[in-house]
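Visitor: Protein chains in written order, with numbering that gives the first Met the number 0: chain Y, 0 to 337; chain R, 0 to 337.
Hints listed in this document are in silico derivations from the structure and should not be mistaken for laboratory results.
Please note that the accuracy of each hint is not assured.
Pairs involving identical chains hold if they fit within one copy or between any two copies, as the list cannot separate such chains.
The calculated lysine to any residue pairs, modelled on SDA-like cross-linking and capped at a C-alpha distance of 20 Å, are [to be verified]:
1) K307 to E293
2) K23 to C91
3) K223 to Q104
4) K160 to Y115
5) K223 to E242
6) K223 to H96
7) K307 to Q241
8) K160 to F107
There are 2 protein chains.
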Amino acid sequence: MLGTMIYGPRDIRFEHRPDPKIVKATDAIIRLSATCVCGSDLWPYRGIQPITQPTTMGHEYCGTVEEIGKQVKNIKPGQFVVGSFATSDNICAICQHGYQSSCVQREFMSAAQAPYLRVPLADGTLVATSDHPPKELIPSLLATSDVLGTGWFAADAANVKPGATAVVVGDGAVGLLGVLSAKQMGAKRIIAMSRNPSRQKLAREFGATDIVTQRGDEGVSRIKELTDGIGADSVLECVGTQESMIQAISSTRKGGYVGYVGVPHGVALDGEQLFYAHVHLHGGPAPVRRYLPELIKLVLDGKINPGKVFDLTLPLDQVAEGYRAMDERRAIKTLLRP
Amino acid sequence: MLGTMIYGPRDIRFEHRPDPKIVKATDAIIRLSATCVCGSDLWPYRGIQPITQPTTMGHEYCGTVEEIGKQVKNIKPGQFVVGSFATSDNICAICQHGYQSSCVQREFMSAAQAPYLRVPLADGTLVATSDHPPKELIPSLLATSDVLGTGWFAADAANVKPGATAVVVGDGAVGLLGVLSAKQMGAKRIIAMSRNPSRQKLAREFGATDIVTQRGDEGVSRIKELTDGIGADSVLECVGTQESMIQAISSTRKGGYVGYVGVPHGVALDGEQLFYAHVHLHGGPAPVRRYLPELIKLVLDGKINPGKVFDLTLPLDQVAEGYRAMDERRAIKTLLRP
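Please model the complete structure; the sequences and the hints are all you need to start from.
Guide: Right under this line is the structure:
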C-alpha cells in the first residue's frame, strides 16, 4: 500500500509501505474510512520536535475491521470501529481508574495516515458501533478518536460544571472542540481566545458566548474584566507553549481548574508562582478510550457535530498539502480520504 | 510588650515592640494563650528567604479577645478564638469558593510570636468557641490555626478518600498532621516517608501503616513496590523543595492526586514531564478558615490530638531557643507560652 512518512521538517512523503499484518494475537487490521492530520503532527513537521529517521505518521482513525488476531474477542471482521490514538488493554489498574492513555501496555499509534492500519490491543482500544454509520457522520466519528476526545478531556480536567464560566486558550481544532465540550458539560459562559475570524465563527457555533482577541497579560486582563475581576472557574489550555500555559493559569480564579492538553514544548512552571496561583492543574494525553462510548453515542444521536472542524478534505495521496494548509493556518484541520 | 523579631539568618531577638492597637474598625486585639514556631519560619531563619529589614515573626495563634473595632460583629471581647494565618473577609467570591487564604483582602499574619496580636478582618478570620476550652486542649487548638489546617488541606487537595492509599512526603509537623488528616479522611493505607525514629513513631500514632526511609528515586521505587507497581492514589507534598516535589509526583499513580503545601523554594516543574505524569496537582496556602469550624470541633470532641506535634514547650522569651531546636531537628515543633 501507499502510506505517509515524514523525512524531515516540512518533508512529508506518500510512498510504498509494507501492508500491515497481524503481529500479535491481540492485534486487529482495519481498513480506514477516514484519517486526518493532528495539530500535534505539526510539531515534527515544523522541526520543533526532532525527526531522527523517516517515520510513519497519523494516529486518528476509524474504519472497518478486516482481520483480527486469535485472542481478539470484542471486535469482529466487518464491524465499524473507532479507536483511541493511544492503545490500551482496558483492564489494568490504570485503565480501571479511567486513564487508558497511560495504560501499562500503552503504545501511541503512528501509522494511521494510510489506507490500512494495525491496531494493537484491539479489544481494549477499539469501540465498535452496532451498525455501519451513514457516510455523513464519518468526519464526526473520526473526530472522537483524538481531537474531540482531547477537547473533552480538557473540559473534564478543567472541571467544567453546569453554570460555570470556562475559558478556552487556543483556537485550533482541539480548542474549538473544547468549546463544544464545555457547552455539553453545561458551562453558562464560554470565552474563546482567538484572533482568527473563521475560527471565532466556529467557536460561536460550538457555544462560545464571548471572544477575546488579546493574548498574554492583555488577554488575562480582559478575562478578569469579564469575570468580576477574579478569573474563570475552568480554563482549557489547548496549545502547549509557555505563553499559553501562563495565560491559562493566570486566567483562572483562585481555587479554579486548569485542564491542559496541548503537548508542552519548552514549558517550565515556577513552583512558587503556581503555589500562589492556587489553581488545580490536570492534564496529559487524553484518555479517549474512557470517553469513546459516550462521544460516539452523542455523534450517532445527532447531538453534536464535531466533524465541522474539518474545513479541508483531501484524498489521502495529497496528504502533504493537508499538512501545508494546516501549517500555514489556511485550514483548521484536514480530513484525508483513502 | 516584648515580641519576636528576626534581624538576619539565625538572629532571633525578643525585644520591646509597641503594643498592638485597633487600626481599622474591622480589627480585633487578642491576648494569646499560646503561639509557636512554624516550619516556614525556618526559611528566613536559615537565610534561604532573604530578610531585607528587621521583621516581626509568628502567624499561628489562639487566645482571648481583648478589644474589637467598631465594625466587628461576630466576635466579642472575652471569647476564646482561633484564627487562620491568612486573614480573610470570608464574604468575597474567592472566600465563597472556599479559598479564604487567597481572599481579595488577604494579609498574611506576621507578629504572633508575642503576648498580644492585632488580627485584621476579625469577623472573617477568627472562629470563637462556645466556652473557654480546658488548658490541655490549647496545643491542639493552636495547631488548627496553621499546621493542622495545612496538613488537612494537603490531604484534601490530594483527594484522600475512604479506602485510598496515601503517601506523605515530609516528616515535619505538617507532614505528620497530613498523616492524621489522611487517616481522618478514611485512607486505608498511609505511607509516611521518614528516616527519623521519633517522627516515624508519631507518624504511626497518627495512623501511618508503612514507613519508607528511602528518598528520591529509591524512595519512589519503594513506593511503587508497595502499590502494585502503579503508585499511590493520593500524595501529600509537605516540604517544598525540587526533590520532594518530584518525589511526590513520581510516587503518584497515573490519574492520581498530588496535594502540595510546602512553600516551594527553587522548584521548577518541566511541562512535558508533568504532562506524562498524568497527575492532578493542587496546592498553595491552605484555606484554613474553611476547615477551622470542623477541625476545632474534632479537637473539642476529643477525636484528634494534633497538639502532639509540639514536643518542646518553652516560655515565649526563649523563642530563639525554640527556633534553634527546630533548625537542628532536636524538636519537631516548638510551642511558646506568653
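Visitor: Go through the copies and call it for K160 and F107: within, between, both or neither, with a Cα cutoff of 20 Å.
Guide: Classified as neither; 30 Å inside a copy, 32 Å across copies.
Visitor: Is it within a copy, between copies, both, or neither that the alpha carbon of K223 lies no farther than 20 Å from that of H96?
Guide: Close across copies (17 Å), not inside one copy (35 Å); limit 20 Å.
Visitor: As a check of your reading, is K160 near Y115 (CA-CA no more than 20 Å) within one copy, between copies, both or neither?
Guide: neither (40 Å within a copy, 45 Å between copies)
Visitor: Reference check for the pair K307 and E293, CA-CA at most 20 Å: within, between, both, or neither?
Guide: within (19 Å within a copy, 50 Å between copies)
Visitor: At most 20 Å between alpha carbons: which applies to K307 and Q241, within, between, both or neither?
Guide: neither (29 Å within a copy, 44 Å between copies)
Visitor: At 20 Å max between alpha carbons, let me know whether K223 reaches E242 within a copy, between copies, both or neither.
Guide: within (17 Å within a copy, 35 Å between copies)
Visitor: I want to check one pair: K23 and C91. Are their C-alpha atoms no more than 20 Å apart within a copy, between two copies, both, or neither?
Guide: within (19 Å within a copy, 59 Å between copies)
Visitor: When no copy is specified for K223 and Q104, does a C-alpha distance of 20 Å or less occur within a copy, between copies, both, or neither?
Guide: between (43 Å within a copy, 17 Å between copies)
Of the numbered hints given earlier, the model fails hints 4, 7 and 8; all others are met.
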